[in-house]
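There are 2 protein chains.
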Amino acid sequence: MNEFLEACIDQALGTTPADLVIRDADVFNLVTGTRTRTDIAICGDRIVGIGAGYQGRRVIAAAGRIAVPGFIDTHVHCESSLVTPMEFEACVLPRGTTTAVCDPHEICNVLGTGGLDYMLDCASRMVMDLRVQLSSCVPATMLETAGARMDAADLAPYRAEGQVIGLAEMMNFPGLLAKDPVVLDKLALFQSGHIDGHAPLLRGRALNAYLACRVRNDHETTGLDEALEKLEKGMHLLIREGTICKDLAALAPALTAETSLLCSFCTDDRNPLDIFEEGHIDHLIRRSIALGVAPLHAYRAASFSAARGFGMTDRGLIAPGQRADIVLLDDLETCAVAQVIARGIVVEPALFAGRSPPAPIGLDSMRRAPVATADFRAPTAGPAGPVIGIIPGRIVTEFLTMDLPWSDGLRHPDPARDVLKVAVIERHGVNGNIACGFVRGFGITAGALASSVGHDSHNICAVGASDADMACAVNHLLDQGGGFVAVRDGVVLGALALPMAGLISLEPFDVVRASLEALRTVVRGMGTSLPEPFLQLAFLALPVIPHLKITDRGLVDVDRFALITG
Amino acid sequence: MNEFLEACIDQALGTTPADLVIRDADVFNLVTGTRTRTDIAICGDRIVGIGAGYQGRRVIAAAGRIAVPGFIDTHVHCESSLVTPMEFEACVLPRGTTTAVCDPHEICNVLGTGGLDYMLDCASRMVMDLRVQLSSCVPATMLETAGARMDAADLAPYRAEGQVIGLAEMMNFPGLLAKDPVVLDKLALFQSGHIDGHAPLLRGRALNAYLACRVRNDHETTGLDEALEKLEKGMHLLIREGTICKDLAALAPALTAETSLLCSFCTDDRNPLDIFEEGHIDHLIRRSIALGVAPLHAYRAASFSAARGFGMTDRGLIAPGQRADIVLLDDLETCAVAQVIARGIVVEPALFAGRSPPAPIGLDSMRRAPVATADFRAPTAGPAGPVIGIIPGRIVTEFLTMDLPWSDGLRHPDPARDVLKVAVIERHGVNGNIACGFVRGFGITAGALASSVGHDSHNICAVGASDADMACAVNHLLDQGGGFVAVRDGVVLGALALPMAGLISLEPFDVVRASLEALRTVVRGMGTSLPEPFLQLAFLALPVIPHLKITDRGLVDVDRFALITG
Numbered sequence: 001m002n003e004f005l006e007a008c009i010d011q012a013l014g015t016t017p018a019d020l021v022i023r024d025a026d027v028f029n030l031v032t033g034t035r036t037r038t039d040i041a042i043c044g045d046r047i048v049g050i051g052a053g054y055q056g057r058r059v060i061a062a063a064g065r066i067a068v069p070g071f072i073d074t075h076v077h078c079e080s081s082l083v084t085p086m087e088f089e090a091c092v093l094p095r096g097t098t099t100a101v102c103d104p105h106e107i108c109n110v111l112g113t114g115g116l117d118y119m120l121d122c123a124s125r126m127v128m129d130l131r132v133q134l135s136s137c138v139p140a141t142m143l144e145t146a147g148a149r150m151d152a153a154d155l156a157p158y159r160a161e162g163q164v165i166g167l168a169e170m171m172n173f174p175g176l177l178a179k180d181p182v183v184l185d186k187l188a189l190f191q192s193g194h195i196d197g198h199a200p201l202l203r204g205r206a207l208n209a210y211l212a213c214r215v216r217n218d219h220e221t222t223g224l225d226e227a228l229e230k231l232e233k234g235m236h237l238l239i240r241e242g243t244i245c246k247d248l249a250a251l252a253p254a255l256t257a258e259t260s261l262l263c264s265f266c267t268d269d270r271n272p273l274d275i276f277e278e279g280h281i282d283h284l285i286r287r288s289i290a291l292g293v294a295p296l297h298a299y300r301a302a303s304f305s306a307a308r309g310f311g312m313t314d315r316g317l318i319a320p321g322q323r324a325d326i327v328l329l330d331d332l333e334t335c336a337v338a339q340v341i342a343r344g345i346v347v348e349p350a351l352f353a354g355r356s357p358p359a360p361i362g363l364d365s366m367r368r369a370p371v372a373t374a375d376f377r378a379p380t381a382g383p384a385g386p387v388i389g390i391i392p393g394r395i396v397t398e399f400l401t402m403d404l405p406w407s408d409g410l411r412h413p414d415p416a417r418d419v420l421k422v423a424v425i426e427r428h429g430v431n432g433n434i435a436c437g438f439v440r441g442f443g444i445t446a447g448a449l450a451s452s453v454g455h456d457s458h459n460i461c462a463v464g465a466s467d468a469d470m471a472c473a474v475n476h477l478l479d480q481g482g483g484f485v486a487v488r489d490g491v492v493l494g495a496l497a498l499p500m501a502g503l504i505s506l507e508p509f510d511v512v513r514a515s516l517e518a519l520r521t522v523v524r525g526m527g528t529s530l531p532e533p534f535l536q537l538a539f540l541a542l543p544v545i546p547h548l549k550i551t552d553r554g555l556v557d558v559d560r561f562a563l564i565t566g
Numbered sequence: 001m002n003e004f005l006e007a008c009i010d011q012a013l014g015t016t017p018a019d020l021v022i023r024d025a026d027v028f029n030l031v032t033g034t035r036t037r038t039d040i041a042i043c044g045d046r047i048v049g050i051g052a053g054y055q056g057r058r059v060i061a062a063a064g065r066i067a068v069p070g071f072i073d074t075h076v077h078c079e080s081s082l083v084t085p086m087e088f089e090a091c092v093l094p095r096g097t098t099t100a101v102c103d104p105h106e107i108c109n110v111l112g113t114g115g116l117d118y119m120l121d122c123a124s125r126m127v128m129d130l131r132v133q134l135s136s137c138v139p140a141t142m143l144e145t146a147g148a149r150m151d152a153a154d155l156a157p158y159r160a161e162g163q164v165i166g167l168a169e170m171m172n173f174p175g176l177l178a179k180d181p182v183v184l185d186k187l188a189l190f191q192s193g194h195i196d197g198h199a200p201l202l203r204g205r206a207l208n209a210y211l212a213c214r215v216r217n218d219h220e221t222t223g224l225d226e227a228l229e230k231l232e233k234g235m236h237l238l239i240r241e242g243t244i245c246k247d248l249a250a251l252a253p254a255l256t257a258e259t260s261l262l263c264s265f266c267t268d269d270r271n272p273l274d275i276f277e278e279g280h281i282d283h284l285i286r287r288s289i290a291l292g293v294a295p296l297h298a299y300r301a302a303s304f305s306a307a308r309g310f311g312m313t314d315r316g317l318i319a320p321g322q323r324a325d326i327v328l329l330d331d332l333e334t335c336a337v338a339q340v341i342a343r344g345i346v347v348e349p350a351l352f353a354g355r356s357p358p359a360p361i362g363l364d365s366m367r368r369a370p371v372a373t374a375d376f377r378a379p380t381a382g383p384a385g386p387v388i389g390i391i392p393g394r395i396v397t398e399f400l401t402m403d404l405p406w407s408d409g410l411r412h413p414d415p416a417r418d419v420l421k422v423a424v425i426e427r428h429g430v431n432g433n434i435a436c437g438f439v440r441g442f443g444i445t446a447g448a449l450a451s452s453v454g455h456d457s458h459n460i461c462a463v464g465a466s467d468a469d470m471a472c473a474v475n476h477l478l479d480q481g482g483g484f485v486a487v488r489d490g491v492v493l494g495a496l497a498l499p500m501a502g503l504i505s506l507e508p509f510d511v512v513r514a515s516l517e518a519l520r521t522v523v524r525g526m527g528t529s530l531p532e533p534f535l536q537l538a539f540l541a542l543p544v545i546p547h548l549k550i551t552d553r554g555l556v557d558v559d560r561f562a563l564i565t566g
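Residue numbers (our numbering), protein chains in the order written: chain F, 1 to 566; chain H, 1 to 566.
Please keep in mind that the hints were generated in silico from the structure rather than gathered at the bench. Mixed in with the good hints there might be a few duds.
Copies of the same chain look alike in the list, so a pair counts if it fits in one copy or across any two.
Straight-line distance between alpha carbons at most 20 Å, and here's what the computed EDC-like set of lysine to aspartate or glutamate pairs gives [said to hold, decoys possible]:
hint, residue 1, residue 2
1, K179, D151
2, K246, D403
3, K246, D418
4, K246, E6
5, K179, D117
6, K246, D559
7, K246, E278
Let the hints inform the model, and build the full structure from the sequences given.
Here it is, written out as structure tokens:
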């Protein structure tokens, strides 16, 4: 280390040439808001000098370009990109995201600490800084069957890992409010550390209790009033724009000069098509500026405030001593990324080609027998009953009560009124559960969809107008080791295999993207107007998001945090 | 911990009464700047609820009072208050300072890690949160003789102490710039941690090099341009208003909406009279508002930004989950403190009476033989030579060159032109060094002053118009175990004993204050117009502050960081 410090001092003083100099950049200062044309000198992974006249062993001519600090995604489940973390990097790093704080709870809910080990292994091989939080909710709740269990004692040894900041999103806020000892054990472990939050619609005294346990931030805020209450209570607001959840338009007015130090950006769950077509954190910056946020506060949220909110004091500014995570822009307001430097390394295509990814894990994660059409019957006492109401672009659902076609003691879907059957099929080899219910809003009139991505326990989720097609879709899914399947009249119309834990493809990003585009065309042809039907399906099984959800154990009234009869 | 979390949840939800409720306070929100009349519910040492209608086992009626978070002194040498840390607490806590980040480098330069242990022991017995940084410069430089030496290996085991945040002010910036391995060893130890700075007048590439070693902050900034450069480079600005160093007037314009997240307050060295007469951090808040700083930004600097700048995420806001460090004010703009709550405890006089301080240490720290008049002779080649020029209210000095009376090969003081002799006398039992020089600006025409407080090695500093009086003052100082002495014509006119390490009184704050007031009257009677002649004397020996200083080894040209002949 002393040798490195000596080099830093020499290169900062200019007595030896810097390893890398970015020449004549227009540096956007995120403290003062000023822009200054100057050089940036870099030694190894560290910025060591700002000022004119630095000499470098390598020089990037940046005249006409604006330099801003590398972007930080403050909350992301890399698994939602459907590719490996290293493919995720190849996709987002050239778009300026130099740090991502991930919660590997998708893969951990399938594979336990093996998933954590895999993510840490990937992080050690990457150029961008992938921080790995310790998943707090494996299983997510007691209302579903997960593939693994991680208790406080399992998490404790990981606290000392260099890539770990703290406990990942404490989704089980009902458990916290009910003083569930399993939840309190985990919170207790991180009282002097860092705890990420997840508190949709939590307000008033319930929010007070949640914060009193030292939860720091929230990425589930969807309303402006809710955002202001959380900011006033010192909660770090992680403004999300994912594939399903798009909160930026509602929350942009909360991002001001005074609050910008407590506001950041995150993607949470963003699929590869959106990353490819719209961008990653660059997209959030662009959008927020278009929505009226001052560029200073948008870029501050994207880097400085994000870093400080997660205790990363070594990044978020272009200043000596900071990590050399720098994005060069052709235009500030549209966040037009021209070039990216991550920990002093110039991001070029060759960078990604040269890396060696770890061996895939969890290739045998579809642990159940094939299903039969009869497994999807929905016996009820009458035609009336609960129906999950989808709200497009939201993962919050409506709790509807509807009369549906009813015969022989069975309730049936009613595609004419846009009501399909929905089922969750346990796939971790634990109990073989199958639960059925009904959902409105998919817009599909015939056929079925199935997915092994089903937040957060990742059982198989299926939706369909016909029990036979649902069974066919699920069985095809089992055969291909997980992923997405679309079926009509017993014919597989499209599929994407995700053999790693049933969540992640083994293919490169571009291949996955092309497959998804083909699948999207197929599903649109089935009649849906939802932009992301598979993700919308995947979130129907998430019983920590209001109001009505379904797991392998049955329908869940999230507001009462209890199973109900369907 | 789980039991405590359960209580926090119950009290936050209001299902059980809170331990303490502050009723109807006007809470000043340091994120949004809004003021809201509401209740604050406290469980143990933690705020658990904000909102109307909380019930409490104890209730403080706060209608008409403004509630702000407890104040943080981000850089203080408690020893400069001349009382023990527990007496320091009794003085500053009722004025709203609930956290202080101290650097015990005065006592450590005399006693080594024994001083650190003593401060940590005191901290464990206090109500306010005394954070103890690890002194980086013991000895301060190689240009003087200290009583101890603390190397990187001595500091390393203390990093894990709960009260320790990081490395204390890296004063030896010339050593850093020269890549001194002793300095780099210490910096290397804290590259992933926290390093406090001390960088008077450091600008441009030298500042870059300093920051490149991950130094975080600076409390030695005196000019506005300097402040803006440091802020632009991401340096946390600790705006100081001590007894000698008063930087607030110059730096207040730097404290704005945009920069307030990187600005805080500190006192560094503040004597008991100033604390008693003007206040502590409350004084800095008052003054900065009077100087035109918006109250939001002044209070933010005093708490929120200070906390975040030192990685203390558990304080600085009145919000659930934060430490219950709360100041109730009668008036916001004049920071009129009415009542203080520190970690949930109401600050009352009985609080201080009930504590048990640790046994005093370092009672035998005046380790040298008495001096003789002849020891103060100043042989030179001629009448011309360097004279230290005092700048009232600053610890930076001028490097003057003056002709002085000269006879028999000796240079003599010239009280008529306000030039006295100054001497530094080694007192740690190491080598018995005595160095002499000249100083302009004390305004004393006869007699001598002596002090065992002499930053940072705390050798004895003496100044006088007569060698005999200087010898008399030093010998009296040795007899009383350290402190301050004023002598004229062989008669001790006034004295204050500081027997603990020659720095700290064994008496309560009020007794020390009364002694200092008497001594101040005496010294004013000797002709000085300096408000704090003993502190001004104490800083003449500090060779890390420009431009001309004196240590037991001789005169120091700080700009060249070298001893020179006098």
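Hint check:
no.: 1; hint: K179 / D151; verdict: within (16 Å within a copy, 47 Å between copies)
no.: 2; hint: K246 / D403; verdict: neither (32 Å within a copy, 77 Å between copies)
no.: 3; hint: K246 / D418; verdict: neither (24 Å within a copy, 73 Å between copies)
no.: 4; hint: K246 / E6; verdict: neither (47 Å within a copy, 34 Å between copies)
no.: 5; hint: K179 / D117; verdict: neither (30 Å within a copy, 39 Å between copies)
no.: 6; hint: K246 / D559; verdict: neither (22 Å within a copy, 57 Å between copies)
no.: 7; hint: K246 / E278; verdict: within (13 Å within a copy, 53 Å between copies)
In this structure, the hints that do not hold are numbers 2, 3, 4, 5 and 6, in rising order.
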